[in-house]
Amino acid sequence: MSNPVVHITNINLKYHHKPVLQDLSWTIKRNENWLLRGASGSGKTTLAKAIAGLTKVQGTIEVNFDPKSELPAVALYVANWYQFKDLEGQSNFYYQQRYNKQATETTATVRAELEGYGVKHRLQFSEAERLVDALGFSDLLHSTLIQLSSGEHKKLQLVRALWFRPQLLIIDQPYNGLDKLSRQHLNHLLEEISANGTQLILISNETELPSSIQHFAEIKNGQISEMSNADYHHVADEHNGIAVPEFLNQAPLSSADSIIKMIDVNIRYDEKQVLKNISWEVKAGEKWLLQGHNGSGKSTLLSLITGDHPQAYANNFYLFGNKRGSGESIWDIKKRIGLISPELHWYFDPAATVRQSIISGFFDSSGLFREANYTQKTQADELISYFGLTEYQDSLMNQLPLGKQRLALLARTIIKNPELLILDEPCQGLDQHQTQYFNKLVDELCKNGTTLIYVGHFESQLPACIEKRILLENGTVKSVETILESV
Amino acid sequence: MSNYFNTLPLREKLNQLGVCDFMDSAEFLDGVDALKGKKLVIVGCGAQGLNQGLNLRDSGLNIAYTLRKEAIEGKRDSWKNATENNFTVGTYEELIPEADVVINLTPDKQHTAVVNAIMPLMKQGATLLYSHGFNIVEEGMQIRKDITVIMVAPKCPGSEVRAEYVRGFGVPTLIAVHPENDPEGKGLVQAKAYCVGTGGHRAGVLKSSFVAEVKSDLMGEQTILCGLLQTGSILSFDKMVEKGIDAGYASKLVQYGVEVITEALKQGGITAMMDRLSNVAKIKAFEISEELKTIMRPLFQKHQDDIMSGEFSRTMMEDWAAGDKNLLAWRAATGETAFEKTPAGNVKIGEQEYFDNALLMVAFIRAGVELAFETMVEAGIKPESAYYESLHETPLIANTIARKKLFEMNRVISDTAEYGCYLFDHACKPLLADFMTRVDTDLIGKNFNEDKDGSVDNRALISVNEVIRSHEVEVIGAELRKAMTAMKSIKTA
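Residue numbers (numbering that gives the first Met the number 0), protein chains in the order written: chain A, 0 to 486; chain B, 0 to 492.
Take these hints with a grain of salt, some might be off.
Examples of chain B residues toward chain A, derived with CB under 7 Å [stated by the list, open to error]:
hint : residue
1    : Asp57
2    : Gly59
3    : Glu83
4    : Asn84
5    : Ala162
6    : Gly167
7    : Phe168
Straight line, CA to CA, 20 Å or less: simulated PhoX-like cross-link-like pairs of lysine-lysine [as the list claims (entries may be wrong)]:
hint : chain 1 : residue 1 : chain 2 : residue 2
8    : B       : Lys185    : B       : Lys122
9    : A       : Lys219    : A       : Lys13
10   : A       : Lys477    : A       : Lys260
11   : A       : Lys219    : A       : Lys48
12   : A       : Lys13     : A       : Lys55
13   : B       : Lys122    : B       : Lys38
14   : B       : Lys79     : A       : Lys100
15   : B       : Lys154    : B       : Lys381
16   : B       : Lys37     : B       : Lys185
17   : B       : Lys79     : A       : Lys271
18   : B       : Lys242    : B       : Lys445
19   : A       : Lys477    : A       : Lys179
20   : A       : Lys322    : B       : Lys35
21   : B       : Lys144    : B       : Lys185
22   : A       : Lys322    : A       : Lys333
23   : A       : Lys100    : A       : Lys84
24   : A       : Lys467    : A       : Lys282
25   : B       : Lys37     : A       : Lys322
26   : A       : Lys282    : A       : Lys446
27   : B       : Lys74     : A       : Lys100
28   : A       : Lys322    : B       : Lys38
29   : B       : Lys403    : A       : Lys84
30   : B       : Lys347    : A       : Lys84
31   : B       : Lys154    : B       : Lys481
Hints listed in this document are in silico derivations from the structure and should not be mistaken for laboratory results.
Ideal Cβ positions, reconstructed from N, Cα and C, are used throughout, including at glycine.
Required output: the full structure, derived from the provided sequences and hints.
Have a look at this one:
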């Protein structure tokens, strides 16, 4: 029992010749469950992968499993980002693909995926069904992988890990994309699994955690240090002090009083109705919060607004004062919208550099296929510096930590100072300071008359400017309300 | 109906074969205006039909689909594709009479029947759009004189046409106007607008003619694109197994090797592909490919001659009339080859290993691309057209082999291409029999650089580089690739 489970001595790691982890040492004793946090790019993910044996670092990492345990002697790492391939083993997807029925049949169903996993690891399928049920997505068993939202993919990742029950389970960003109720269910399941002998390391900034998490650590300046529960929950207010670039500090060109007007909008795939009789109007300059449980239809609703859903043509709604399907192109629509979403991020051209990705915001393309003009390049320079990405500007997106990728895509979202901002969980993958910082930027931009639709599952992490809320439940509008006090 | 090309005087043959203009992006500034507000009706809703229609509608155009009555009543896949995406679907009688543009995206074999059915229903002055010129050029279909006949052919599978469009890019596209059917002179303007509607204008557009498209397309697909990729894959696999290389390894080396090798071709032409080899290996691959060119040149010439004279299409149409007897027999035989039946082994092959251990495949690809290009240019086809139908498309076809081998390649390509591919393959294998007896595992299966110190003669290397880099396919290729910016790279299996 005295033998520590994980014993890390003097590990070192560099990124682009710059030290990230420096002589880091950490000991995890048996039955300890930890929470690990750190700023974006601090080395959390690399450390977690090194413990699971997925990446090599300088120094020694010992993992001592319990030979008497019935659980598999495995340190399982659950990535912050889900991955899947189509039935031919390819993953050349585009983010709009899941709205197009013909293009969804090339990936496996959730059920087939889980059955394959169960056979491979000799697991009882009934247990998977229990977990799927507990996380509330049983009705998606027959959906294909490409149809899942980012939160649903996260649940699938979690089900696999909880089903496998390794001796050491490391979950990178377990709560990303999960609605409030799902986060509570997940905490119960994590408490259950740790009570049954699985040790946990969670990488997250979340404050509502399973009761079994009693140790908190932070990576800072290449070192790890344990912190008290109280320290963990205290967030300092930091600000980098750079002013918002001037070109964003002006009113966006606006053309219509009514930005969105939907009248009895319906979307269905065969028998499955995803949106039912949605009527909703967004007037110019309004700041909306769009909420709803995982699978309530939020992404589908947004895809209608961004010109990404083929069934838009069968519905009655107006964008920027024009009836949808009256001869406008999707590029006419997209040029007025700044969009970020987990799916846009996931399917973004991985072979683009940070700089190219940011400039692509002028053209609404997933990757850069056109030459930018001088003004556009200068504005990109200003945003690169504003978001602290100068040293990464020529790096490929897929070689950067998730948080840095996300900052680049946020810069892409706002670069053209659009009249409508659609921010679907914009702060996924960001640390607390970055989140606060970005939300303040949103407040600044919105002072100029920008219209906002914001989706966020974490009520403590919203911009102050939000004034209205629409709540979806199972594809219908549950409520629409004006928020007087800022949330 | 008689072969259109053969009815032309020589000067007109040369004139039409020579239509070839790589268009400047400034030619597309009018966007989709020429088709705005017009009724576009697509015949057929397979992969090309559906995906082109989705793009055109997202570009603000008015799209509907017309299908045969049986397809609608039987609720076939084509009907489902169209209705599930909220398109209007109707019979020929319902939709063709009001169409301003009718887009024929059915397979070659059905063209005569389809066009005979829709032409009487088309209104005066409407436009008929094809994506392949076989029906007009080889079958000699005569279209009513008031109708404008144009071609817009995206040079990628339908799923890619959609994927690249929504990413904000597009796929390279070829356009043409049939000179016998341009009564109002609006053909080119409409073809350009259609191109913008599918997103093709961002990735490079080549203005061609029906004749040049057919004669170069048939040549490319029969020889380098499908024919030689099939022959080379089978011969390379069989040789490795004969010499005792593990069959699973051999299968994987060939299946994914064609994709990895041609990825270098896609990014930087023959030069980049050859530069992936060490200096010694490059000189060896150069020598073998020169030998292969000498052996295969007469076969490439025969294919080009038969295509030009109409002999190829005549024999293929005979096979259509015989219920695809030859096609089906050859298809079955391909399914029975050892390469096809041996699954790729569960072994890791590094990206560089695909070059080092498959020098023969690199030599096959250089020889095939250069021969196809040279033979087309000698026959009067312009270098830009010849480039598209040889080097440009080779990586696209290689991707299909990486997915599911020759079965997948022959499933994805048209029946016309498949027929020509088998024809070439059956003639090419005996031609290479003697050459193959001299091939050992240093050329295919094992690392050519093993046991060599890597030294080369400077002057030999310089002269080999010179020949590779100054070939006309490299000169024209460098120019055309510049226009197709931001080509995505693939990952190693």
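**Non-conforming hints, listed in increasing numerical order** = none
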